[in-house]
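K.L.:
Sequence:
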Amino acid sequence: MRSLRSLISWRGPRKRKILLPSLDGNRMSRNGALALGADHLTGPVGTADGLAVAPVLIRRQTRLGIINIWLIFMVTLGAVIAVADGLTRAPNPEWELPSQGPLEYEPYYAAFLLAAVTLPLMLAYAKRARASITEGLFLWFAFCTAAYMKDFSYLRWPGAPLFVTDVILVVLLLSIYLLSRPHHSRSPLELNIFLLLFVAAGLLSAARGFWEHRDTILVLRDSALIAYALFLLVGYHLFRSWLSIKRVAVWFLLGTSLSALNGLAWFVVAPEQRRFIAPGIYILISLVATVLATVNGRLRPRAGWVFVGLLCFGLMLANARSLFVTLGIMLLIGLLYGRTADGQGRLGRTPATLLMPTILIILASSLFLHTQSGRDFTQRSTEELDSGVLHSGEDPNWQFRVAAWKEAWRRFEEYPLAGEGFGIPFVFGIWDNDPRPHNTFLTVLYKMGLIGFIPLLAFLCYFFWLASRAVYRNRKNHRTLFLLIAVMGQMAFCVYGMANFVLESPFLASLFWASMGVGLRMIRILDVEQSLRWNFSVGTRHP
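Sequential numbering of the sequence shown, starting at 1, is according to this note's numbering.
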């Protein structure tokens with residue numbers, strides 16, 4: 001138990017503990033971190049109490065374990081379920097295609113089994129880790145979503161078009177804004193403005209759909225574009241300390257690892273399948289994050305490179321051209337700038353950091369190609385990549401996307417200001433199965449018009465601008481690496497969304513918005529730490 005905890009743990013500098021005096025307007029949260037008052041950033045911080053608390057935030061939070069017996073039990077049980085599920089699956093060539101009607105997808109039973117078994121165990125984990133029940137519920141949701149994605153998110157409430165993602169969103173919002181209302185901090189004004197404008201545009205589109213008597217199920221399905229944006233508030237208010245942020249990162253990594261194991265097991269029994277993990281974007285984000293955390297010393301090397309090898313197999317089995325293109329961009333940016341996030345100027349060692357993941361990818365590919373099934377799958381994947389990237393004019397999948405994008409743009413030109421509204425199926429000349437245009441930004445543009453697209457684009461630009469400033473401003477803080485990873489994850493979502501679903505799908509939109517909320521919270525924490533550090537240094541020089 002102790003050796004495994006030392007193997008899989010997020011490293012941090014060893015600092016001495018400092019007693020914390022009582023502070024008016026602030027409190028200690030259940031996980032041992034200081035929860036700052038709502039007006040902490042705007043109020044004066046140069047007081048004696050502020051000087052006393054500065055070393056606590058800067059040097060050390062109360063050390064509580066992320067890895068405990070319940071985590072080990074849950075992951076072991078989840079791995080058994082994922083592998084057994086993969087080994088018992090038959091080939092399913094229609095698995096990745098849109099269902100014949102809205103909200104009609106039938107998930108695999110293993111997703112329900114994993115969710116049912118792990119929920120009580122996660123609550124026990126949260127109690128052992130001294131995390132709130134609300135945080136434990138979100139950790140369970142993120143873990144299961146990363147592991148089974150579409151199959152988990154389409155578990156529905158019996159007899160109603162209400163899915164597990166919807167239930168979790170409502171429960172978390174009620175918990176944050178009603179049960180914990182005296183303690184949550186105010187959201188940034190810019191966040192509230194952009195979110196309000198975006199949601200208002202979506203409500204207008206939904207109202208048009210109901211007013212014009214369109215299919216109610218289609219209107220509700222399209223309303224996911226704005227409904228899951230509320231996960232932004234969940235991510236911002238729920239994760240208020242570095243310890244809680246590290247916990248959600250660990251559980252997300254473990255969930256994507258189960259997804260990779262499930263894909264590997266399915267490949268063993270059905271190698272003729274086109275792809276074994278869909279959509280695969282979580283595999284890519286976890287791979288990039290794990291490489292960055294390992295080479296920067298935040299994840300222990302032995303555990304880090306094991307996860308990298310497993311995720312490399314998962315990325316190959318996801319077999320999506322958009323993922324391969326995005327991976328090269330993300331790794332290049334991360335390895336060039338991730339080394340400077342801790343302010344220690346180790347950029348010159350970047351070639352060395354590229355060596356280990358390159359070796360692991362080559363080794364994983366060699367093992368994969370050692371079997372006939374692996375060679376056949378690799379040949380098919382290579383031909384698809386060559387067709388889509390180098391000969392896109394002859395590739396049917398690419399031509400479908402081009403045709404869908406043209407249709408979406410045509411619909412936008414008909415209603416440029418407010419869009420066509422929710423509830424109209426996306427059918428056109430070459431496709432009658434309502435696939436939507438395979439570009440999440442075009443979906444927002446043609447359904448909600450400029451009044452919905454402009455707030456979305458403005459908010460994304462605002463987030464990346466704010467985050468880039470925070471990374472530069474706090475480059476001497478080693479925790480800035482976590483913000484950099486979050487930013488790169490959002491970049492991967494956006495690049496991937498240019499040719500796929502993101503905001504339309506509950507299993508992608510929920511964590512897309514939640515991770516952005518966590519990113520905004522990290523920006524706030526870093527700025528508070530920098531402010532307290534500066535005031536503490538001034539106070540020590542001028543007692």
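Hints in this document: simulated from the structure, not taken from any laboratory.
The structure displayed is predicted, hence computed values, not measured ones.
Virtual Cβ for every residue (Gly too), placed ideally from N, Cα, C.
Among the hints, a few may not be true.
Distance ranges between label pairs, derived from CB positions [said to hold, decoys possible]:
no., residue 1, residue 2, range
1, P425, A124, 43 to 53 Å
2, A458, Y177, 47 to 57 Å
3, L87, F464, 35 to 45 Å
K.L.:
Against this structure, judge whether each hint is valid.
P.N.:
Results of checking the hints against the structure:
| no. | hint | in the structure |
| --- | --- | --- |
| 1 | P425 to A124: 43 to 53 Å | holds (45 Å) |
| 2 | A458 to Y177: 47 to 57 Å | violated (25 Å) |
| 3 | L87 to F464: 35 to 45 Å | holds (42 Å) |
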